[in-house]
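The listed protein sequences derive, respectively, from chains A and B.
Heads up, the first sequence is in our numbering, so the first residue is 1 and it goes up one at a time.
Heads up, the second sequence is in our numbering, so the first residue is 1 and it goes up one at a time.
For the record, the hints were derived by calculation from the structure and aren't laboratory data.
As the structure is a computational prediction, the values presented were derived from the model and not from experiment.
The C-beta atom is built at its ideal place from N, Cα and C for all residues, glycine as well.
Do not rely on the hints blindly, as some may be mistaken.
With the Cβ distance kept under 7 Å, some of the chain B side facing chain A (calculated, not the full set) [claimed, not checked]: (1) Gly342; (2) Leu366; (3) Ala490; (4) Thr497.
Listed next, with one range per pair, are the computed distances between beta-carbon atoms [to be verified]: (5) Leu219(B) x Ala332(A): 35 to 41 Å; (6) Ala478(B) x Ala332(A): 42 to 48 Å; (7) Asp313(A) x Ala478(B): 30 to 36 Å; (8) Ala478(B) x Pro277(A): 40 to 46 Å; (9) Gln405(B) x Ala319(A): 55 to 61 Å; (10) Arg396(A) x Gln40(B): 37 to 43 Å; (11) Ala319(A) x Asn189(B): 57 to 63 Å; (12) Gly331(B) x Glu509(A): 25 to 31 Å; (13) Ala478(B) x Arg358(A): 22 to 28 Å; (14) Ala478(B) x Pro491(A): 31 to 37 Å.
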Amino acid sequence: MEPLIVGLDVGTTSVKAVVYEPDGSAAAVATTPTPTHYPRPGRAYYRAEELWDCTVSVLRDALARVDDPRRVVGVAVASMGEAGVLLDADGRPTCDVIAWFDTRTTPQAEWLDRAIGKDRLFASSGISLQPIFSLAKLLWLKEHEPAAWARSVRWLHVADYVAFRLCGVAATDYSIASRTLMLDLHRLRWDEEVLREAGIDPALLAPLVSGGTALGPVTSEAAAATGLPQSATVAAGGHDHVCGAFAAGTIAPGVMLNSLGTAEAVFVPVAKPLSDPQVGRQGYAQGAHVVDGRTYVFAGQYTSGASVSWWRDVLSGPAEKLDWETMLAEAAAVPPGSLGVTFLPHLRLANPPHDDPRSRGAFVGLSTDATRGVMTRAVLEGIAFESRNSLDGIVRHAGVEAPREFRAIGGSTRNSLLMSIKASIMRQPQRIVGLEEGTALGAAMLGGLGAGVYPDAESAIAALDAATRDVEPDPAAVPIYEEVYQQVFRPLYDAVAPLSHEIVRMQSERAPS
Amino acid sequence: MSDVFLGVDLGTSSVKVVVVDETGRLRATGTGAYPVSHPQPGWAEQDPEAWWRGTIEAVRQAVGWGGSGLRVAGIGFSGQMHGTVLRDQTGRLLAPAIIWADGRSRAQVEEITAKVGPRRLIEIAGSPLATGFQAASVAWVKQERSSVWWRTRHVMLPKDDLRWRCCGETATDPGDGSSTLLFDARWRNWSPELLEAVGVEQAQLPPVQSAASIAGELLPAPADELGLPPGVPLAVGTADAASGLLGAGIVQPTSMLLSISTGAQVMVPSAAFDPDPKGRIHAFCSALEPATGKPGWYQMGATLAAGMALKWLRDELLGLAGPDAYERMTGWAAQSEVGARGLLFLPYLAGERTPHMDSRARGAFLGLGAHHTRGDLVRAVIEGTTLACLDAFAVLRERGAAPTQIVMAGGGARSPLWRQVVADAFGLPVVALATADQAAMGAAVLAVAAVRGRDPVSTARAWAAYGPPTEPSPARHARYAEVHDLFRQAYGETIATSHRLADFGEAPRRQFGTSRRPS
Chain A
1 MEPLIVGLDV
11 GTTSVKAVVY
21 EPDGSAAAVA
31 TTPTPTHYPR
41 PGRAYYRAEE
51 LWDCTVSVLR
61 DALARVDDPR
71 RVVGVAVASM
81 GEAGVLLDAD
91 GRPTCDVIAW
101 FDTRTTPQAE
111 WLDRAIGKDR
121 LFASSGISLQ
131 PIFSLAKLLW
141 LKEHEPAAWA
151 RSVRWLHVAD
161 YVAFRLCGVA
171 ATDYSIASRT
181 LMLDLHRLRW
191 DEEVLREAGI
201 DPALLAPLVS
211 GGTALGPVTS
221 EAAAATGLPQ
231 SATVAAGGHD
241 HVCGAFAAGT
251 IAPGVMLNSL
261 GTAEAVFVPV
271 AKPLSDPQVG
281 RQGYAQGAHV
291 VDGRTYVFAG
301 QYTSGASVSW
311 WRDVLSGPAE
321 KLDWETMLAE
331 AAAVPPGSLG
341 VTFLPHLRLA
351 NPPHDDPRSR
361 GAFVGLSTDA
371 TRGVMTRAVL
381 EGIAFESRNS
391 LDGIVRHAGV
401 EAPREFRAIG
411 GSTRNSLLMS
421 IKASIMRQPQ
431 RIVGLEEGTA
441 LGAAMLGGLG
451 AGVYPDAESA
461 IAALDAATRD
471 VEPDPAAVPI
481 YEEVYQQVFR
491 PLYDAVAPLS
501 HEIVRMQSER
511 APS
Chain B
1 MSDVFLGVDL
11 GTSSVKVVVV
21 DETGRLRATG
31 TGAYPVSHPQ
41 PGWAEQDPEA
51 WWRGTIEAVR
61 QAVGWGGSGL
71 RVAGIGFSGQ
81 MHGTVLRDQT
91 GRLLAPAIIW
101 ADGRSRAQVE
111 EITAKVGPRR
121 LIEIAGSPLA
131 TGFQAASVAW
141 VKQERSSVWW
151 RTRHVMLPKD
161 DLRWRCCGET
171 ATDPGDGSST
181 LLFDARWRNW
191 SPELLEAVGV
201 EQAQLPPVQS
211 AASIAGELLP
221 APADELGLPP
231 GVPLAVGTAD
241 AASGLLGAGI
251 VQPTSMLLSI
261 STGAQVMVPS
271 AAFDPDPKGR
281 IHAFCSALEP
291 ATGKPGWYQM
301 GATLAAGMAL
311 KWLRDELLGL
321 AGPDAYERMT
331 GWAAQSEVGA
341 RGLLFLPYLA
351 GERTPHMDSR
361 ARGAFLGLGA
371 HHTRGDLVRA
381 VIEGTTLACL
391 DAFAVLRERG
401 AAPTQIVMAG
411 GGARSPLWRQ
421 VVADAFGLPV
431 VALATADQAA
441 MGAAVLAVAA
451 VRGRDPVSTA
461 RAWAAYGPPT
471 EPSPARHARY
481 AEVHDLFRQA
491 YGETIATSHR
501 LADFGEAPRR
511 QFGTSRRPS
């Protein structure tokens with residue numbers, strides 16, 4: 001009997017179960033929206049029971065479409081980071097799951113900065129203090145839910161909790177732990193000193209394991225509810241985007257992953273955590289991989305595809321949208337360098353290596369030759385320059401190996417003009433990896449590792465039958481982009497930042513309170 | 001038969017003709033369009049043949065509309081300044097006209113300025129030299145197109161070339177002559193020193209006459225093409241800026257003209273030749289002769305992209321068609337607020353003159369956020385072009401200009417939103433000139449003055465009409481003062497980037513394999 005593996009993806013918008021063959025082809029998929037509660041502006045939460053109910057329902061749906069669910073040998077869970085739930089001694093939730101993006105914890109983050117300090121937190125965790133991290137959520141619960149806090153014996157993150165419901169074993173993998181501020185990234189253990197100073201009992205936290213570690217078989221109760229066979233092994237999963245990076249074959253230095261969508265991310269495996277505090281101040285995050293506690297550095301770009309759709313909206317107005325194909329054809333007819341028009345894609349904030357929420361976007365170099373096609377091309381070039389700049393900022397740090405292979409996943413990889421611009425700006429071929437539900441696939445591969453389907457992570461990647469396509473740089477365009485990047489794009493942020501700050505200040509003074 | 005006068009204004013995008021009777025009543029208008037071609041980035045050329053075809057069309061239209069029973073008693077001319085038309089001794093055209101917007105002659109500008117000395121140049125000519133000015137364009141042709149230059153017998157300004165075509169006599173006036181920078185603006189004649197510096201013979205240039213004098217009579221062949229009788233007297237006329245002042249009735253230093261068309265001009269008449277030693281504004285000769293106790297000069301700050309910027313937004317970015325496109329755009333802009341919700345536009349799409357005198361400046365949108373819509377873009381463009389005018393005005397004010405009201409003219413004056421933005425940004429009441437085509441009207445004033453011997457000052461005053469005033473709001477004025485500070489800061493912060501981009505845009509044509517623009 002050929003084995004099957006199952007990946008669960010508990011994400012911001014949906015909960016997904018995908019059943020895969022070991023070569024990564026999907027045998028069955030089921031999805032349901034993630035029930036999210038918004039009690040008031042700035043606040044959002046999930047209910048742990050509802051997340052479990054969703055998991056049960058998507059597993060049942062997906063497994064019902066498989067000829068023989070007993071073929072399933074391994075399962076693991078990927079989820080959003082930072083969010084988690086407190087459990088009582090009977091394993092029952094004592095509180096709601098504060099959404100990962102909820103900002104109610106700003107005062108707790110400010111307290112952490114005063115009490116422990118950003119730099120010390122960075123030195124241990126490798127990430128720069130932000131309110132969304134799990135430690136701030138724990139402090140909030142301690143302060144605002146004292147009764148629940150008193151009854152609680154364990155804190156589990158969303159992926160941990162779902163795995164716990166499947167197999168009864170509580171564990172946290174290093175990638176999820178990397179989003180807590182409580183992990184000592186250098187030693188891969190909970191930082192007891194930070195926990196003590198923050199007033200959190202280390203016993204509240206689950207044992208740390210690597211993704212793919214077998215936790216145990218599916219419980220009879222979970223088997224009955226979900227349709228999974230009791231013989232299947234539940235393995236530790238991980239943080240969703242790290243699972244996606246695993247599926248895309250990005251686990252070792254020398255290979256980087258660019259995931260392209262509304263937002264964009266540059267994911268760079270590194271040999272060991274970077275200890276230069278600049279890394280955090282520049283807005284980079286780092287963390288442990290789902291594979292063997294290896295390390296990656298991460299740069300988010302918040303308005304990547306979002307810049308392109310914003311530009312289309314600006315041109316179109318509220319009514320009928322401009323035809324996307326026409327816009328791209330116009331941009332494709334413009335020579336590289338967009339006749340000197342350059343776009344800075346900071347429509348909401350700056351991206352690494354600039355950590356600046358008050359940065360704003362810009363079009364510079366406008367002349368009457370700047371047609372719509374010129375401007376559209378400048379937008380595409382601007383988002384490509386921005387990710388080059390994020391990558392260069394990582395590579396400049398000591399001990400970081402420059403990637404030799406550039407992999408790309410996500411919806412925007414379908415934009416062939418963007419991909420060829422990126423290849424020329426990065427001066428490297430872009431290898432587009434076609435994956436079906438990369439995050440769930442990475443989780444399923446971890447399930448396969450736990451169940452012994454694959455001997456190791458490299459074999460799991462090698463076993464995949466993923467279609468790849470290489471987009472080559474245009475040799476004529478490379479020197480043109482290099483000149484614009486070095487002479488114009490790189491200095492652009494510094495040139496316009498003081499002005500952007502003034503503009504943001506004026507706007508915030510004007511904003512109705 | 002009642003007598004009428006034609007005012008012909010040779011603009012950048014079209015020629016406009018007005019038919020006016022002796023009381024200043026507008027009887028008819030005509031227009032004929034032609035393109036600007038950009039054979040290389042930064043170049044701007046026009047075909048004088050296209051000017052002529054446009055003029056024929058416009059004159060026939062205007063005279064046709066005017067109906068029978070009219071006798072054309074004189075024609076006056078006005079035209080785009082600075083440009084260069086080269087003809088050989090038989091009158092044959094040697095090259096396309098290099099117009100004011102052309103940017104090819106940066107090296108020549110630097111050479112001539114260094115040779116004469118920047119202060120000395122301004123003392124003589126009233127302004128620093130810029131690309132597109134005749135002195136620079138001629139020097140470019142001498143250096144880069146020597147085969148054209150050695151055949152050049154006549155170097156003419158656009159409207160002088162048009163008039164020459166009508167009467168076969170060459171002439172220019174102090175107003176247009178002073179726009180070449182080969183001219184001594186104080187003594188109102190060609191400057192031997194500047195001619196020598198550039199290497200032009202005075203014989204290649206037309207003789208200088210008063211704007212309100214007769215240059216010649218309409219010859220039979222062109223008369224036939226225009227559909228007019230031969231022998232009509234032709235007044236010399238003047239530069240479109242000076243002509244526009246007359247047409248707008250601005251003949252005293254208490255009124256300021258803000259003319260917003262392709263570019264924008266801020267102009268205040270002045271009784272003395274008083275150039276800015278820093279060269280941020282122009283002191284040009286007006287259409288009036290100072291010997292008669294009238295302001296013989298005016299000071300002008302010019303911004304290069306005003307209506308051009310809004311048109312660029314309409315055509316190149318938003319792709320809006322239809323006669324109500326601008327109205328729709330300003331409607332969206334009215335939904336935005338002062339400061340365009342944190343969006344700044346630097347309108348230097350074609351470089352900038354006053355006050356930066358920088359042909360390598362480039363435009364920018366700054367402060368872009370995900371919340372911005374096209375209404376904010378439109379508002380930012382209107383505000384940015386207005387603040388550039390305010391920058392220009394600040395220099396005039398430094399030189400002592402203290403107008404108490406603004407007369408707005410040009411396409412921008414037709415927009416109530418734009419008038420309000422100007423009133424608020426400047427903190428002065430604004431009236432819109434009701435007379436359209438003030439430069440063509442000014443040309444008609446000069447025709448009447450030349451042919452009938454009438455006083456151009458009182459004629460101009462009697463003919464101009466204005467709409468109701470738009471008052472400034474003190475609260476919005478204060479707000480614009482803040483936005484204006486940001487606007488100046490923005491220029492300073494982006495200028496190095498702009499220069500690099502301008503150089504990139506004009507780098508070897510590797511990036512510009514194909515010509516995108518029909519010309």
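For each hint, the structure was consulted:
Interface hint status for Gly342(B): upheld, as the beta-carbon distance to the closest one in chain A is roughly 4 Å, under 7 Å. Annotation: interface hint on Leu366(B) holds; nearest CB of chain A at approximately 5 Å, less than 7 Å. About 5 Å separates the beta-carbon of Ala490(B) from the nearest beta-carbon of chain A, less than 7 Å, and the hint is met. Interface restraint check: Thr497(B) against chain A, minimum CB-CB distance 5 Å, threshold 7 Å, status holds.
In this structure the supplied range 35 to 41 Å is violated for Leu219(B) paired with Ala332(A), their Cβ-Cβ distance being about 53 Å. The supplied range of 42 to 48 Å is met by Ala478(B) and Ala332(A), whose beta-carbon atoms lie about 47 Å from each other. A hinted range of 30 to 36 Å for the beta carbons of Asp313(A) and Ala478(B) is consistent with their spacing of about 32 Å. Ala478(B) and Pro277(A) have their C-beta atoms about 43 Å apart, which keeps the hinted 40 to 46 Å range intact.
Between Gln405(B) and Ala319(A) the beta carbon distance is about 41 Å. The supplied range of 55 to 61 Å is therefore violated. Checked against the given bound of 37 to 43 Å, the beta carbons of Arg396(A) and Gln40(B), roughly 39 Å apart, stay inside it. The hint said 57 to 63 Å for the Cβ distance between Ala319(A) and Asn189(B), and at roughly 60 Å that hint holds. Taking 25 to 31 Å as the suggested C-beta distance range, the pair Gly331(B) and Glu509(A) conforms, at roughly 27 Å.
The beta-carbon spacing between Ala478(B) and Arg358(A), approximately 24 Å, falls within the hinted interval of 22 to 28 Å. As the Cβ distance of Ala478(B) to Pro491(A) is approximately 34 Å, the hint placing it in 31 to 37 Å holds.
Against the hints set out earlier in the document, violations occur for numbers 5 and 9.
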